[in-house]
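Chemist: Chains as they are written, first to last, in the numbering used here: chain V, 1 to 225; chain Y, 1 to 736.
For the record, the hints were derived by calculation from the structure and aren't laboratory data. Among the hints, erroneous ones may be present.
[As the list claims (entries may be wrong)] So the derived label-pair ranges between C-beta atoms look like this: (1) V:Arg100 to Y:Ala38: 40 to 50 Å; (2) V:Asp179 to Y:Ala503: 51 to 61 Å; (3) Y:Val584 to V:Arg13: 46 to 56 Å; (4) Y:Leu565 to V:Asp108: 34 to 44 Å; (5) V:Cys123 to Y:Asp501: 33 to 43 Å; (6) Y:Ala503 to V:Asp158: 39 to 49 Å.
[Claimed, not checked] What the simulated footprint calls covered on chain V by chain Y, stretch by stretch (three residues with Cβ under 8 Å from a Cβ of chain Y suffice, anywhere in the stretch; the number is not a length): (7) 58-69; (8) 87-97; (9) 181-191.
No residue lacks a Cβ here, since even glycine has one placed at the ideal position from N, Cα and C.
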Amino acid sequence: MMLPSRPNLEDLRRRIAEIQRRPRAVRLDAVGAPTEFGAVLTHRAPLRAPDLPNPIVLDLETTGLGRGAGTLAFLAGVGTFERGAIVVDQLVLASPARERPFLAALVDRIRDADPLVTFNGRCFDLPLLRNRLCMARLAPVAPPDVDVRWPARRAYRDAIPDGRLRTLEEFVLGRRRADDLPGRLAPVAFRTFLATGDARPLVRVADHNRADVIATAELCRLTVG
Amino acid sequence: MLADVLARWRADRRIAPNLVDVRELPGRRARLADVPPALDPRLAAALAARGIVRLFSHQTEALSAVAARDVVVATPTASGKSLCYHIPVLDALLKDPGARALYLFPTKALARDQVATLRELVAGLGIGVAVFDGDTPGEHRRRAREARVLATNPDMLHAGILPHHPSWAAFFRGLRFVVVDELHTLRGVFGAGAANVLRRLRRVAAFHGASPRFIATSATIGNPGELAARVLGAGDVEVIGDSGAPAAPRTFAVYNPPVLDSALGLRESYLAATKRLTRDLIDAGVGTLVFARSRRSVEILVRYLRDDLDADGIDGDEAVRGYRGGYLPDRRREVERELRAGETRCVVATSALELGIDVGGLDAVVLAGWPGSRAAAWQRAGRAGRRGRPALVLLVACSEPLDQFVAAEPEYLHGQSPEHARTDPDNLATLVPHIRCAAYELPFGAGETFGPLVAAETREVLRAVPDLHEDGGAFHWISDAYPAGEVPLRGAADENFAVVDAAAGAVLAEVDFRDAARQLHENAIYPLEARLYQVDRLDWNGRKAYVTAVDVDYTTDALTHTRVLVLETRKEAPPAAYGDVHVVERVVGFKKIKLHTHENVGYGEVSLPAYEIDTRAVWFDLDESDESGDGLARAAFALKHIAALLVLCDGADLARAVGDRRIYLYDANPGGSGLAERLFEARRQLVGHALRLCEACACRRGCPACVGALAPPPPGEIEPPRHAAARVLRGLLARL
Chain V
1 MMLPSRPNLE DLRRRIAEIQ RRPRAVRLDA VGAPTEFGAV LTHRAPLRAP
51 DLPNPIVLDL ETTGLGRGAG TLAFLAGVGT FERGAIVVDQ LVLASPARER
101 PFLAALVDRI RDADPLVTFN GRCFDLPLLR NRLCMARLAP VAPPDVDVRW
151 PARRAYRDAI PDGRLRTLEE FVLGRRRADD LPGRLAPVAF RTFLATGDAR
201 PLVRVADHNR ADVIATAELC RLTVG
Chain Y
1 MLADVLARWR ADRRIAPNLV DVRELPGRRA RLADVPPALD PRLAAALAAR
51 GIVRLFSHQT EALSAVAARD VVVATPTASG KSLCYHIPVL DALLKDPGAR
101 ALYLFPTKAL ARDQVATLRE LVAGLGIGVA VFDGDTPGEH RRRAREARVL
151 ATNPDMLHAG ILPHHPSWAA FFRGLRFVVV DELHTLRGVF GAGAANVLRR
201 LRRVAAFHGA SPRFIATSAT IGNPGELAAR VLGAGDVEVI GDSGAPAAPR
251 TFAVYNPPVL DSALGLRESY LAATKRLTRD LIDAGVGTLV FARSRRSVEI
301 LVRYLRDDLD ADGIDGDEAV RGYRGGYLPD RRREVERELR AGETRCVVAT
351 SALELGIDVG GLDAVVLAGW PGSRAAAWQR AGRAGRRGRP ALVLLVACSE
401 PLDQFVAAEP EYLHGQSPEH ARTDPDNLAT LVPHIRCAAY ELPFGAGETF
451 GPLVAAETRE VLRAVPDLHE DGGAFHWISD AYPAGEVPLR GAADENFAVV
501 DAAAGAVLAE VDFRDAARQL HENAIYPLEA RLYQVDRLDW NGRKAYVTAV
551 DVDYTTDALT HTRVLVLETR KEAPPAAYGD VHVVERVVGF KKIKLHTHEN
601 VGYGEVSLPA YEIDTRAVWF DLDESDESGD GLARAAFALK HIAALLVLCD
651 GADLARAVGD RRIYLYDANP GGSGLAERLF EARRQLVGHA LRLCEACACR
701 RGCPACVGAL APPPPGEIEP PRHAAARVLR GLLARL
């Protein structure tokens, strides 16, 4: 029997081995408040809210970029605004088997958004969320939404080399991330966590996700309202 | 007029003796039944608007049978099989506005053709019909999800729909019917893959709360019920095989070209004979469809016919058209349209035109060489006869063993179908990749099973495949891989090669990955629409061959070297055994074959990547005393051809190899499709028949009908090849 070999499995094994050699693995419940589905990490940062009725920012970290039934979200960053600050709650999934409560908790947090603010959510995060809700047999949720990617691209087209969030953050917000986890490694981080139980790779994904949520919120205020 | 041509042939002393079998197949009157009163009146009205006020008996049988169980309709070509599924499907769709149906066709061309017909039928019924395949433009893809009837192919269902089923949730929720058209094409490796796709379909449909009824149609094979049960995964299938459709009276003739050299057993070239007889039909104004066995034969026949017509001052390009896979779609559509309109006098086609594509009937169908199976022969013969006019089917035998067998035993054609389509969906090499695909589509719950595997076996497989995470007995897909993209349905069907005009840069044709090394090696002559092109450069990784039109009088024939490695012996009865093998086929060179005379006029060397497959083989070990260099290869030739007859498969599904005092017959389809095991079981018969073939042949040294074409004898030849092969086989039979 020949099974297809996948190059990044080797990569994954190497990473796992590397992590297992290190001391001090960190459990998920040590990095955030434990919940039925995993953990919630909460951070607050001073930030002016967009001038919209009830803006809620959403950014998903997923096991892949495909939009098929096999791609799932394992971390959801939800940004809400209160008194000159953004509060980013990050829902972290401890196992795919607990996806249903994870999604239910996420839906609770975004249901009343007006609007739901994303960067490229029209093409990726929202269809993916629809898929996951279908797979989990949960009712679909469809608050009004704003995808910041297009207004931002229109506003800064002449000033930026490409329309990626990282580029906008650098050229428009004047920030450069140090030691940011490359997005394509997020799936590997989740698999590493599942294989080892060590939550440190997820902490790096969470850092990356939080930066995305905050940058999206700022771009929203600058280009939408 | 057709009758004149037949009369002339019967009176012609050069032709009549070679018509070894001529039968008049009587026409058949229709058996009709009333449209059932329970049918939705809108559908009854739509049928009536198309002139259908009564149904053929098999159509009403199908309608009442699907109420209770899955159904396979196995009636002849042009018997109105499509209505057997359109009627129950449309009736259900009209009565339940949420209901949907999925139609599966083996090819894209067939899906488009059938959808065009269906759209005419449903015009005004408010039922949306869409095609969803690799050619569907992006903006239409989303809309296809709204269709009530979706037409696609197994490949697209496998890689484009099932992995995205949440986007198709409404479609799957309403899925009431799955129609599998041309079920008999789902055999061998393709059948095994498609059967597993249907297992996944049932699983996904169940998730969305649907449990669809399956309706299949098939050519007239010997085991439609068994094949349907295997491929559809259905426990209870009703076979409807008694056609109530009328048939035109047909003359079925077999022409065996005359022996030119009895010493060598050489017959007149069947292509030359086909050309002569087809020319008679063209001259008499008889609309003729010639089926050739390969793309190459199509090209050669088109060229022969056009040259012949041109020589008599008739515009050959106008009168004769080619049609085969590899032509660009526009060109094929044009030929189909001309055929329907009766504009072309003669079309030479491969099986690409065999699968239910609606081109209307023709007055004559010529089969240039045995089409490989009885089902294919009748499928193609079904093209003959329009509107009750008498028609002709003419089989021109070539000098290969299968053809000669049919010429000698025409009863084989006309009696009960002995052909059984085989497929092995439970073959682990096929099953495991589809379990991965299924896991991508939906997590496997604790205790869930798949196909033939019990829960414990399923769990074992899931633990062994990568990309899954086990939690609480359930398995979840956690990787960014897309397994359906890694699993080709039609065996090792890698991407096609494009044949590119080196000067103009235009793509002229496409060639399957498997045939690329054989047909597109550098200096190969590639014939296309009767023009010859030479391959200047083959860009293997880019999958492109750059060609230039040339004016030469030869074609090329690749020389292949094959190595077989036994991986696992499954059954053994020395000196025979069968099991899993790894086969490496490498094209090492080519011969130049002169056009018309078929002389060998030169050689060349080729260096290309090998084609490798894992498959199953039966093999025979020879005694040291049996060994004789050429005898082994010659015996293998005879064995292979008898094997194809015994297991009733297409000659191309089996291949032979020799090595290390061993003869291998292996399944040419990766993973194997059940042929090797049956050959192992029939080993005594196999070797015995091959021995008789060699002993009884009328030739002196050996010929294409027994041990294959021979080079002139070397000086001082002691044992002619035919006798050497017989000696090897006799030795083998004694030890079996």
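Chemist: Now look at each hint and say whether the structure bears it out.
Modeler: Tested hints:
| no. | hint | in the structure |
| --- | --- | --- |
| 1 | V:Arg100 to Y:Ala38: 40 to 50 Å | holds, 43 Å |
| 2 | V:Asp179 to Y:Ala503: 51 to 61 Å | holds, 55 Å |
| 3 | Y:Val584 to V:Arg13: 46 to 56 Å | violated, 30 Å |
| 4 | Y:Leu565 to V:Asp108: 34 to 44 Å | violated, 60 Å |
| 5 | V:Cys123 to Y:Asp501: 33 to 43 Å | holds, 39 Å |
| 6 | Y:Ala503 to V:Asp158: 39 to 49 Å | holds, 44 Å |
| 7 | 58-69 | holds (count 7) |
| 8 | 87-97 | holds (count 3) |
| 9 | 181-191 | holds (count 3) |
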